Structure formats: structure tokens, C-alpha cells
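Protein chains: 2
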Amino acid sequence: MKGLMMDYSLTVTSLMRHVEAQHGGSEVYSLTVENPAHRTTYAEIFRRCAKLANALRRLGLTEGDRVATMAWNDYRHMELYYGISSMGGVLHTINPRLFPEQLQYIVNHAEDRFLFSDPLLLPLLEKLHGAFPTVEAHVLLCSREAMPDSSVPGLISYEELIEGESDSYDWPDLDENLASSLCYTSGTTGNPKGVLFSHRSTILHTYASGLADLISINSTDSVLPVVPMFHANAWGVVYSAPMAGARLVLPGPKAGDPEALVAMMNGERVSKALGVPTVWLGLLQYLEASGKKLETVTSLVVGGAACPRSMMVDFAERHGIHVYHAWGMTEMSPLGSVNAPKVTTAGLDPAARLEQQLSQGRAPYGVEMRLVDDDGDELPRDGKAVGRLQVRGPWVANRYYRAEESALEDGWFDTGDVASIDSEGFMRITDRTKDLIKSGGEWISSIELEDVAMAHPAVAEAAVIAMPHERWSERPLLIACLKEGESVDADALLAWFEGKVAKWWIPDAVQFADELPHTATGKVSKLKLRERFAAAA
Amino acid sequence: MKGLMMDYSLTVTSLMRHVEAQHGGSEVYSLTVENPAHRTTYAEIFRRCAKLANALRRLGLTEGDRVATMAWNDYRHMELYYGISSMGGVLHTINPRLFPEQLQYIVNHAEDRFLFSDPLLLPLLEKLHGAFPTVEAHVLLCSREAMPDSSVPGLISYEELIEGESDSYDWPDLDENLASSLCYTSGTTGNPKGVLFSHRSTILHTYASGLADLISINSTDSVLPVVPMFHANAWGVVYSAPMAGARLVLPGPKAGDPEALVAMMNGERVSKALGVPTVWLGLLQYLEASGKKLETVTSLVVGGAACPRSMMVDFAERHGIHVYHAWGMTEMSPLGSVNAPKVTTAGLDPAARLEQQLSQGRAPYGVEMRLVDDDGDELPRDGKAVGRLQVRGPWVANRYYRAEESALEDGWFDTGDVASIDSEGFMRITDRTKDLIKSGGEWISSIELEDVAMAHPAVAEAAVIAMPHERWSERPLLIACLKEGESVDADALLAWFEGKVAKWWIPDAVQFADELPHTATGKVSKLKLRERFAAAA
Numbered sequence: 001m002k003g004l005m006m007d008y009s010l011t012v013t014s015l016m017r018h019v020e021a022q023h024g025g026s027e028v029y030s031l032t033v034e035n036p037a038h039r040t041t042y043a044e045i046f047r048r049c050a051k052l053a054n055a056l057r058r059l060g061l062t063e064g065d066r067v068a069t070m071a072w073n074d075y076r077h078m079e080l081y082y083g084i085s086s087m088g089g090v091l092h093t094i095n096p097r098l099f100p101e102q103l104q105y106i107v108n109h110a111e112d113r114f115l116f117s118d119p120l121l122l123p124l125l126e127k128l129h130g131a132f133p134t135v136e137a138h139v140l141l142c143s144r145e146a147m148p149d150s151s152v153p154g155l156i157s158y159e160e161l162i163e164g165e166s167d168s169y170d171w172p173d174l175d176e177n178l179a180s181s182l183c184y185t186s187g188t189t190g191n192p193k194g195v196l197f198s199h200r201s202t203i204l205h206t207y208a209s210g211l212a213d214l215i216s217i218n219s220t221d222s223v224l225p226v227v228p229m230f231h232a233n234a235w236g237v238v239y240s241a242p243m244a245g246a247r248l249v250l251p252g253p254k255a256g257d258p259e260a261l262v263a264m265m266n267g268e269r270v271s272k273a274l275g276v277p278t279v280w281l282g283l284l285q286y287l288e289a290s291g292k293k294l295e296t297v298t299s300l301v302v303g304g305a306a307c308p309r310s311m312m313v314d315f316a317e318r319h320g321i322h323v324y325h326a327w328g329m330t331e332m333s334p335l336g337s338v339n340a341p342k343v344t345t346a347g348l349d350p351a352a353r354l355e356q357q358l359s360q361g362r363a364p365y366g367v368e369m370r371l372v373d374d375d376g377d378e379l380p381r382d383g384k385a386v387g388r389l390q391v392r393g394p395w396v397a398n399r400y401y402r403a404e405e406s407a408l409e410d411g412w413f414d415t416g417d418v419a420s421i422d423s424e425g426f427m428r429i430t431d432r433t434k435d436l437i438k439s440g441g442e443w444i445s446s447i448e449l450e451d452v453a454m455a456h457p458a459v460a461e462a463a464v465i466a467m468p469h470e471r472w473s474e475r476p477l478l479i480a481c482l483k484e485g486e487s488v489d490a491d492a493l494l495a496w497f498e499g500k501v502a503k504w505w506i507p508d509a510v511q512f513a514d515e516l517p518h519t520a521t522g523k524v525s526k527l528k529l530r531e532r533f534a535a536a537a
Numbered sequence: 001m002k003g004l005m006m007d008y009s010l011t012v013t014s015l016m017r018h019v020e021a022q023h024g025g026s027e028v029y030s031l032t033v034e035n036p037a038h039r040t041t042y043a044e045i046f047r048r049c050a051k052l053a054n055a056l057r058r059l060g061l062t063e064g065d066r067v068a069t070m071a072w073n074d075y076r077h078m079e080l081y082y083g084i085s086s087m088g089g090v091l092h093t094i095n096p097r098l099f100p101e102q103l104q105y106i107v108n109h110a111e112d113r114f115l116f117s118d119p120l121l122l123p124l125l126e127k128l129h130g131a132f133p134t135v136e137a138h139v140l141l142c143s144r145e146a147m148p149d150s151s152v153p154g155l156i157s158y159e160e161l162i163e164g165e166s167d168s169y170d171w172p173d174l175d176e177n178l179a180s181s182l183c184y185t186s187g188t189t190g191n192p193k194g195v196l197f198s199h200r201s202t203i204l205h206t207y208a209s210g211l212a213d214l215i216s217i218n219s220t221d222s223v224l225p226v227v228p229m230f231h232a233n234a235w236g237v238v239y240s241a242p243m244a245g246a247r248l249v250l251p252g253p254k255a256g257d258p259e260a261l262v263a264m265m266n267g268e269r270v271s272k273a274l275g276v277p278t279v280w281l282g283l284l285q286y287l288e289a290s291g292k293k294l295e296t297v298t299s300l301v302v303g304g305a306a307c308p309r310s311m312m313v314d315f316a317e318r319h320g321i322h323v324y325h326a327w328g329m330t331e332m333s334p335l336g337s338v339n340a341p342k343v344t345t346a347g348l349d350p351a352a353r354l355e356q357q358l359s360q361g362r363a364p365y366g367v368e369m370r371l372v373d374d375d376g377d378e379l380p381r382d383g384k385a386v387g388r389l390q391v392r393g394p395w396v397a398n399r400y401y402r403a404e405e406s407a408l409e410d411g412w413f414d415t416g417d418v419a420s421i422d423s424e425g426f427m428r429i430t431d432r433t434k435d436l437i438k439s440g441g442e443w444i445s446s447i448e449l450e451d452v453a454m455a456h457p458a459v460a461e462a463a464v465i466a467m468p469h470e471r472w473s474e475r476p477l478l479i480a481c482l483k484e485g486e487s488v489d490a491d492a493l494l495a496w497f498e499g500k501v502a503k504w505w506i507p508d509a510v511q512f513a514d515e516l517p518h519t520a521t522g523k524v525s526k527l528k529l530r531e532r533f534a535a536a537a
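If you read the protein sequences in the order shown, they are chains A and B. Quick note, the first sequence lines up with residues 1 to 537 if you use this note's numbering. Quick note, the second sequence lines up with residues 1 to 537 if you use this note's numbering.
These are computed hints drawn from the structure, not numbers from a lab. Values in this document were obtained by computation on a predicted structure and should not be read as measured data. From the three backbone atoms N, C-alpha and C, an ideal C-beta is built for every residue, glycine too. Be aware that a few hints might be false.
Derived lysine to aspartate or glutamate pairs resembling EDC-like cross-links, with alpha carbons at most 16 Å apart [to be verified]: (1) B:2 - A:173; (2) A:2 - B:257; (3) B:2 - A:159; (4) B:438 - B:422; (5) B:503 - B:442; (6) B:293 - B:259; (7) A:2 - B:173; (8) B:254 - B:288; (9) A:438 - A:374; (10) B:127 - B:101; (11) A:292 - A:257; (12) A:2 - B:175; (13) A:434 - A:404; (14) A:2 - B:63; (15) A:500 - A:470; (16) B:2 - A:65; (17) A:127 - A:101; (18) B:500 - B:422; (19) A:503 - A:442; (20) B:2 - A:63; (21) B:503 - B:448; (22) A:127 - A:149; (23) A:2 - B:404; (24) B:2 - A:404; (25) A:528 - A:508.
Computed far set for chain B versus chain A, every beta-carbon distance over 12 Å [said to hold, decoys possible]: (26) 27; (27) 57; (28) 120; (29) 132; (30) 247.
Please put together the full structure from these sequences, using the hints given.
The structure is reproduced here in C-alpha cells:
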């Protein structure tokens with residue numbers, strides 16, 4: 001027997017309608033190349049979404065067609081988010097920092113019909129546009145006046161594209177299971193894979209991320225997503241901040257510039273900000289060097305890679321900012337867990353509480369987790385057993401775009417992470433499956449070693465990779481990048497590990513590097529480190 | 001083109017699985033007849049849900065069958081909530097305070113197969129069980145030892161029913177659109193009407209109610225639903241508190257006893273409590289008389305009827321407790337709006353902020369509101385235009401149980417309320433459609449007059465009803481119930497209105513009453529007042 005409740009589709013379109021009715025006046029700040037402090041409102045953004053939709057309909061866009069963006073976090077990118085999905089198109093956000101061959105693969109694999117690019121990316125577009133045969137029109141995200149000279153045929157400005165259009169559009173009633181957006185994961189091996197989000201998965205993820213123990217945005221917040229909008233929808237904030245009616249602060253091309261971030265945070269009275277550890281490490285160092293303070297930020301959400309212990313402690317003790325450790329992946333829309341305190345944490349002593357805070361946190365309703373061993377047998381949730389982390393839920397991918405095969409094993413998605421889960425549901429990633437080091441038949445966690453290394457006062461960033469070893473099969477190699485003006489030699493740094501990890505875990509050697517290579521999503525590229533140091537070995 | 005995300009049903013079953021994995025250790029306190037402080041955990045409750053499901057399967061329960069409860073807020077009632085819905089049955093919560101004829105109508109209309117009753121309701125059951133021919137078995141919510149003598153054939157205790165059963169159950173994968181629970185609205189006219197909730201509507205409502213600006217429960221909260229579990233699922237708290245992992249404090253039969261409530265609130269360190277104004281008025285008066293303090297409560301959610309201004313002010317100024325005004329109805333699962341501050345409220349002066357706080361609040365994503373005039377034309381959201389309030393969304397009923405016709409008009413559900421909505425989305429109920437007073441062709445709001453009367457220091461509770469009038473067609477009559485030890489005469493009370501409302505709104509007369517009649521859901525019964533005073537006129 002079916003319930004007798006309204007059949008109401010969970011769609012980006014209905015979210016837009018909600019925000020327009022309830023929070024139309026909330027402000028969106030953007031830093032763009034044209035304007036260091038552009039201010040608009042959700043209502044105005046949605047009016048321009050209607051103009052955009054009319055323009056795209058004029059160009060022949062139909063339901064399910066892919067429209068690509070290569071853009072920073074700003075209001076025009078947000079218009080593409082809402083306008084394209086709400087009219088039934090598929091928003092395809094592209095990471096412009098990928099290799100040109102990857103960009104070419106992605107655009108052709110997605111068969112994007114239109115490509116909207118930031119003016120700063122024009123040099124890239126100049127080189128690549130010929131390799132994008134499916135793209136019928138190129139649009140540059142700027143005003144007509146700001147249009148640079150270009151060899152890209154027919155290139156027009158975004159403002160010119162939409163200026164003559166009506167600011168009303170008869171938004172369709174879409175089925176919630178239709179695709180709303182597409183994002184490729186930049187795997188370290190093989191071709192990128194496309195994750196095709198639905199309207200339903202997007203809205204359910206937005207609901208969950210708004211819960212009190214998740215990102216928990218309310219209307220009085222001012223939210224700064226440093227995490228790019230091309231990276232798993234800026235962890236959903238482009239949806240969750242408007243749903244709550246919060247103010248959005250969008251850093252444009254300045255997301256990697258600590259000085260600009262601090263100015264924005266204080267000037268725009270940011271209460272919550274989200275980003276990867278690399279960004280926050282840079283910010284911490286800048287705060288230390290400049291003596292500046294963050295005046296209004298109360299919490300940071302850190303995800304995309306493990307949060308170093310020292311960073312969490314420094315933010316809390318020196319700046320009074322609580323760091324929420326979060327974990328997820330593009331295939332999970334991306335939120336999988338957030339580390340919010342539990343009633344059971346109240347009684348913990350500070351050291352144990354910090355230990356718990358450093359774990360990747362706990363899953364909201366909508367994400368089920370399990371650990372399995374190599375035979376696929378489930379492992380206990382005792383905080384000790386370590387196994388492959390598998391997930392399922394309404395915002396988890398079940399198949400990659402245009403893949404023939406399911407991405408699931410026995411109904412579960414394998415995250416590629418190795419983790420433990422304790423009896424209170426706190427999950428701790430111990431490694432990526434492929435980054436584990438197998439020494440003498442036993443596993444060594446590269447993440448744990450990196451965490452110890454980064455707690456050393458002279459170390460800015462560190463990575464550990466496996467080196468082939470005749471006797472032990474693999475042994476850990478530490479690669480360290482020192483803070484400016486600091487020094488430590490290899491022996492002293494290795495001595496730092498004593499008493500902190502098992503003796504046989506201590507790396508065999510240290511290599512110093514001026515900086516560590518990062519992937520396009522801001523994680524340390526172990527692939528590049530392996531190439532470089534394997535060659536050296 | 002469909003998205004490629006997992007097909008994952010939003011069900012009470014999956015919520016139970018989540019709570020078990022993530023928050024199994026969180027405590028549930030109950031006050032029952034047998035035990036003034038019963039303590040258990042979610043994990044233990046779910047183990048007993050499995051025993052219950054096994055027992056019901058043994059008795060022949062199949063998918064879609066209705067199982068009725070007449071019970072207070074306690075852990076056994078919670079086991080019925082999760083156990084029945086999760087196995088595919090339909091939980092039918094009955095308000096035992098309804099008239100016997102209504103109870104008879106409801107049980108027969110729902111064709112309940114089983115009825116679980118609180119021992120305190122045995123006298124009622126003794127009288128009525130013969131009028132429930134569809135009920136195959138009666139269960140009393142107590143231990144075998146606590147079973148009273150009874151003439152109800154085959155009556156067994158809950159504990160006896162489940163004691164021999166296995167505590168594991170192979171919970172089915174249910175379609176999210178299946179019915180999960182049923183609740184009849186006790187309309188003031190005609191027969192009660194059944195609202196048939198689905199698993200999907202229940203879960204979506206739970207997500208929304210957990211948002212930062214809604215009920216916003218987190219794991220460290222201790223939550224006291226004074227609102228009964230037979231009244232629109234205790235406003236969803238039986239789902240939202242476990243989803244967040246919060247502690248639940250269930251007052252059993254003591255929900256109307258201010259002394260017991262204060263003891264429970266302080267003893268169980270309650271942070272948030274939810275209930276109707278009548279309960280909180282009683283609590284305020286008790287606090288004033290006893291000199292006691294609420295030590296841990298930070299906020300109250302008030303709904304079910306309009307929150308009097310004086311109550312909101314008293315809680316804030318004398319007790320430091322923020323009152324969140326909420327609005328909804330059974331047909332809306334029930335949450336329609338909560339009054340949380342907006343970024344735009346920050347600049348208001350205290351008087352204007354209080355004014356805004358007294359409105360019924362703003363709709364979350366998932367509730368769309370519109371105002372229409374008598375011709376069905378939409379009215380502006382300007383805070384001035386007043387019209388019929390209509391709603392739509394995924395947790396709004398589209399048809400009553402076993403009704404032939406849709407409950408909708410043009411795709412919208414008419415709430416029966418008359419309201420305005422301002423440009424910031426704050427909705428203000430000015431009256432029930434049927435409670436409006438039409439005087440000389442113009443509308444007078446009974447709610448606004450009641451609010452003025454209740455602000456008078458001598459008035460405990462007040463109601464305004466329309467009296468037929470030869471010249472003006474209707475005129476307002478004020479019925480007032482005074483605080484113990486206070487006095488005011490009719491002229492002085494009417495003089496109190498001068499300067500506070502338009503002259504022609506001031507009631508023509510006052511009737512004093514020792515107490516006001518309330519409906520089974522705690523609202524002032526205007527129907528009874530009309531019967532009583534129309535006869536007097």
C-alpha cells in the first residue's frame with residue numbers, strides 16, 4: 001500500500017524556486033578578474049539564470065545535453081550551475097588544472113555541446129579548442145568590454161550571450177532521477193571517469209550536509225568555499241548555502257592566495273570556510289608570518305586529504321577556530337563523513353578528544369559504511385580492524401558515465417581507502433589501498449608516517465611512498481619539504497619518529513624537496529613522487 | 001538522461017540501520033507507569049523492534065496492514081514506531097483523548113488488525129473493544145507482572161508478546177513510496193480524516209527538520225518531546241533525534257504535569273523541548289509559583305497553536321530560553337515553518353525582531369507556500385496581503401486515507417489558515433478560515449485579539465469567537481480565564497485593547513471562565529466555546 005503524500009520531485013529547479021521565494025535578498029560576493037568585489041543576490045542570479053536558459057534554448061540545448069565549464073568560484077559559474085541543471089541540461093564542471101590530454105579526453109568523452117571558460121583560461125582554450133570537435137560554441141565568462149582578442153572561432157562573451165534574453169523562463173518539471181551534473185574524477189591511473197549526479201542525489205546530499213552535525217549552514221552564516229566549484233560541486237556548498245539562505249563569498253581565481261583569502265574572510269565577515277589541507281597550511285603560515293588574525297571565522301571544514309594534527313591544533317590554540325575534518329570523494333557527491341562531536345565525546349580527556357577529532361568523522365543518514373577484508377568478508381567496527389572501506393547510499397555513484405559495467409561490488413562502492421571504524425561510528429582512513437606499504441608481509445600506513453613528519457616544527461609538508469626492497473619487498477621513503485628558514489637533517493628527522501611509531505615503520509631514508517607535487521585537486525601526487533624517486537633509486 | 005547514482009530507498013528501515021550503526025549507544029529515558037526512570041539505548045530498542053516484528057509476523061501481519069497504538073511517549077511506543085514501519089506494516093497512532101465515537105470511527109475506518117494500548121488507558125479499552133471488530137488482538141504496553149485484571153478477551157502484555165522471539169529480523173528492502181504510518185486529524189467538524197505518510201515523506205521531513213535553521217538537533221542534545229507521539233509523530237522528533245544521535249527524554253503520561261516536566265528537564269539535562277502553548281503556559285506559571293529554574297534548556301519549540309507574545313517574552317527575559325515558533329499540521333507531517341532568525345533580522349531593533357519572531361516563521365526547502373484570494377488568484381508576498389495559505393511539497397498529503405477525491409486544489413493543499421507572507425518569507429497566520437470574524441463586511445482576526453488579551457497581566461488564557469450580530473453580522477466576544485489570585489473586570493479588560501487594535505476590533509463583551517475547553521491536541525476548542533456561548537446569547 002502506497003502512502004498518500006504529494007509526488008514532488010527533488011530537483012535543482014525546485015531548490016532555485018525555494019531560494020528565490022525565501023532568500024532572494026541574500027548576498028553573493030565574488031572576486032573576478034573584472035571586479036575585485038562584485039556583489040549580487042540570489043534573486044538577481046536566478047533572473048540571469050533565466051536569461052542564460054533562454055540563450056541556451058535558442059542555441060538548441062535539449063534535455064540531457066552536456067554543457068561544460070572551466071571556471072573559478074564566482075557568480076557567473078553559479079548561474080551556470082542553476083541555469084543549466086534547472087532547464088534539464090547537464091552541467092559538466094571541468095578542472096582546468098588537468099593535463100591537456102585529460103581535458104581533451106574529458107570533453108570528447110562527455111560530448112559537451114558548449115564550453116564556458118574563465119578569461120584567465122583563454123591561453124589554454126586557444127591551444128585546445130581544436131581538439132574539442134563536439135563543442136559548438138565557446139563562451140568567455142566576462143563582459144563584452146572585457147573580451148580579449150582571440151583566435152577561437154565565434155568566441156562570445158557571457159554577457160553578450162545573455163543580454164538580449166528575457167529574464168523569465170518557464171522552468172520544466174523535471175523527474176528527480178534525471179542527470180543534473182557531471183564531474184570527472186582525475187584518477188592517478190587510467191582515463192578520468194565521469195560521475196553523473198542526478199537532481200535527487202544533489203538535493204538529498206544538500207539536505208544531509210545542512211544537518212546540525214554536518215556542514216550545518218544557517219541563514220546568518222557567511223560561507224567561503226575555497227574548494228573549487230569544479231571539484232565535486234564545491235562539496236555541495238553551492239547548493240547548501242543558498243538552501244539555508246546564507247551569504248556566499250566566492251574567491252574567484254584567488255582561492256590559492258593566502259593574503260587575498262585573509263582579506264576576504266575579514267572583509268566579508270566569513271563564519272565558515274571549506275578547503276583542502278594545502279590551502280589551510282598556506283593560510284596558517286601566512287597568518288604566522290604576517291601576524292594577521294581571522295576576525296570572524298569560527299570553523300573550517302577540511303577535506304580532500306587527511307588533516308595534519310599540527311594544523312588542527314594550531315587553528316584551535318592560536319586562532320580559536322574549530323577544524324571539522326570531513327571526508328568524501330567525487331563518487332559520493334562528495335560528502336561521506338564529517339567529524340562533529342558526539343555525546344560520547346563529552347567525557348574524553350583533551351588528548352583522546354583530539355585523537356577522535358583527527359579521524360575522518362562519522363557518516364550521516366544517507367551514507368552506509370562497511371569494512372571488508374580481501375575476501376570481501378565484513379570486519380568488526382571496533383576501532384582496530386582495518387579493511388577496505390565500502391559505502392552505499394542515495395548520493396553514491398553506481399556506474400561511471402558511459403561505462404558498461406556497474407561500479408559496485410555486491411551492491412557497495414569500494415572507496416579505494418583503507419580504514420577502521422570504531423563502535424561510535426568514527427571512521428579513520430589509514431591509507432589509500434594503493435598507497436599502503438607492505439613491508440615483510442605487514443602493512444605500514446603512509447598517512448600515519450606523514451602525520452608524524454608534519455608534526456615536526458621544521459617540516460612544512462611531507463609524503464611517504466613505498467620503495468622496492470629486496471628483503472622486505474617494500475620499505476617507506478620519506479620526502480619532506482621544509483618551512484622557510486628552518487632546517488633539520490635526515491638523521492634528526494628520522495630520530496623524531498622514535499617512540500611515535502613502531503620501530504620497523506620508521507622510514508629508511510629521507511629525501512628533501514623544495515616543494516611537493518600536487519594533483520589538480522590539491523592532493524600530494526604520490527604518482528609523481530614515485531616516478532621521480534623510483535628513477536633515483 | 002538519468003543520473004547514475006545508487007537506487008537507495010529512503011525508509012524508516014534504513015534510518016533504523018543508520019542509528020544502530022552510528023548512535024546505538026545513545027540513551028532513551030522514559031517515564032512509565034511501571035518505572036519513573038526507565039533507561040535504554042537505541043541499540044536495545046532496535047533489538048526489541050526485531051522481537052516485535054517476529055511476533056507480529058507470527059500473528060500474520062503482512063505488508064500494508066495497520067497496527068494501532070494508544071500510548072504515551074515512551075520507549076515501547078518508540079519500538080512500535082520503528083518495528084511496525086520497518087517490517088512493512090503501517091503504524092497507526094491514535095489520540096486516546098478523542099471522543100469514544102471518534103475512536104470507534106477511526107479504528108474501523110483504518111481497519112486496524114492489532115491495537116497496542118497503555119495500561120492507563122485500559123478503562124477506555126474495556127468500554128470500547130467490542131466496537132473494534134477488525135482488531136484481532138489487544139496488547140497492553142507493560143510487563144507480564146504489571147498486567148491488570150481485564151475483561152478484554154485475549155489481552156496480553158507487550159513483554160509477553162515479544163519475550164520468546166528472536167532479536168534479529170531480516171528487515172525487508174521496502175519501496176520508499178510505501179505507507180509507513182497513519183494519523184487521523186481530529187477536525188472540529190465531520191469525521192476524522194486519515195493522513196497516510198510514506199517512508200519517503202517521513203525521511204525527507206526528518207532531513208529538513210534537522211537543518212540548522214529548523215529543529216536543528218545534534219548528537220549532544222537531550223531532547224524532550226512533550227508533544228505526544230500520537231500527534232503527528234511528535235513533530236518528527238522520534239525520527240530526527242535518533243537520526244542525529246541525540247538523547248531522547250520521553251515523559252510518558254506526565255507530559256501535562258509542570259512539576260514532573262521541570263524535574264525531568266533538570267534531571268535529564270534537557271537542552272531542547274517541544275510542545276503546544278498550553279503546556280508551556282502551565283510550565284511558566286509553575287516556574288513563577290515555585291521559584292524553580294530550568295537549568296539546561298536553551299530553546300523551546302512552540303507549535304500547534306499561536307505562541308502568545310507574553311510567553312515568548314517571559315521565557316526569554318526571565319529564563320534565558322529562546323522560543324522558536326513553529327507551524328504545521330498533520331497533513332504536513334507536520335512541519336511547515338520554523339521561526340529562525342535570518343541574516344536580514346540582524347539589523348532589526350528589539351521590538352521589530354520580537355514582532356518577526358512572533359510570526360510562524362519561514363518554510364524550509366520542501367515546503368512551498370502561496371497565498372490566494374477567494375477567487376484562487378495569487379496574492380503578493382508583501383507582509384500585508386492576507387489570504388488563504390496553500391502549500392505543496394514532498395511531505396504534504398495529496399489525499400486522505402480511503403478518500404475518493406484529491407485533497408488538493410490546483411496542485412496545492414489548502415491549510416484552512418489565513419495568513420500573510422513578507423518579502424523575507426516570514427509567514428504570519430492571522431486566523432483559521434473558519435475562526436475569522438466578519439464585522440460590517442471587514443475581517444477581524446481572533447488571534448490578534450487573543451494575543452492582546454493574553455498580554456494582560458491578570459489573564460492566563462483567552463479566546464475570541466464570533467457572535468451573530470444583527471447590524472454587523474458578526475462581532476467578537478472575548479472569553480478570558482484569569483490567573484489564580486488575579487482579578488480584572490470586563491470594562492478594565494476591554495479598556496486594555498484601546499490603542500492596541502483598531503477601535504472597531506475591540507470585543508463587545510467579555511465572559512469569564514474558570515478554564516477554557518481544549519481539543520484533544522491541546523488547542524482551545526472554539527467549537528465548544530461557540531456551542532456554550534451561542535446558547536447563552
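Here's how the hints hold up against the structure:
1. B:2 - A:173: holds, 15 Å
2. A:2 - B:257: Not satisfied, since the Cα-Cα distance of roughly 39 Å exceeds 16 Å.
3. B:2 - A:159: violated, 31 Å
4. B:438 - B:422: violated, 24 Å
5. B:503 - B:442: holds, 13 Å
6. B:293 - B:259: holds, 11 Å
7. A:2 - B:173: OK: residue 2 of chain A and residue 173 of chain B at ~15 Å, within 16 Å.
8. B:254 - B:288: violated, 20 Å
9. A:438 - A:374: Since the Cα atoms of residue 438 of chain A and residue 374 of chain A sit roughly 14 Å apart, the hinted pair holds (cutoff 16 Å).
10. B:127 - B:101: holds, 11 Å
11. A:292 - A:257: holds, 15 Å
12. A:2 - B:175: holds, 9 Å
13. A:434 - A:404: violated, 24 Å
14. A:2 - B:63: holds, 10 Å
15. A:500 - A:470: Violated: residue 500 of chain A and residue 470 of chain A sit about 26 Å apart, past 16 Å.
16. B:2 - A:65: Holds. Residue 2 of chain B to residue 65 of chain A sits at ~12 Å (cutoff 16 Å).
17. A:127 - A:101: holds, 11 Å
18. B:500 - B:422: violated, 22 Å
19. A:503 - A:442: Holds, at about 13 Å.
20. B:2 - A:63: Distance of about 10 Å is within 16 Å: holds.
21. B:503 - B:448: Holds, at about 13 Å.
22. A:127 - A:149: holds, 14 Å
23. A:2 - B:404: holds, 15 Å
24. B:2 - A:404: Cα-Cα ~15 Å, so holds.
25. A:528 - A:508: Not satisfied, since the Cα-Cα distance of roughly 20 Å exceeds 16 Å.
26. 27: Check fails; 8 Å does not lie beyond 12 Å.
27. 57: At roughly 17 Å from the nearest Cβ of chain A, residue 57 of chain B sits farther out than 12 Å, so the non-interface label holds.
28. 120: The claim holds: residue 120 of chain B sits with its nearest Cβ about 31 Å from chain A, beyond 12 Å.
29. 132: Holds: least Cβ distance 20 Å, greater than 12 Å.
30. 247: violated, 6 Å
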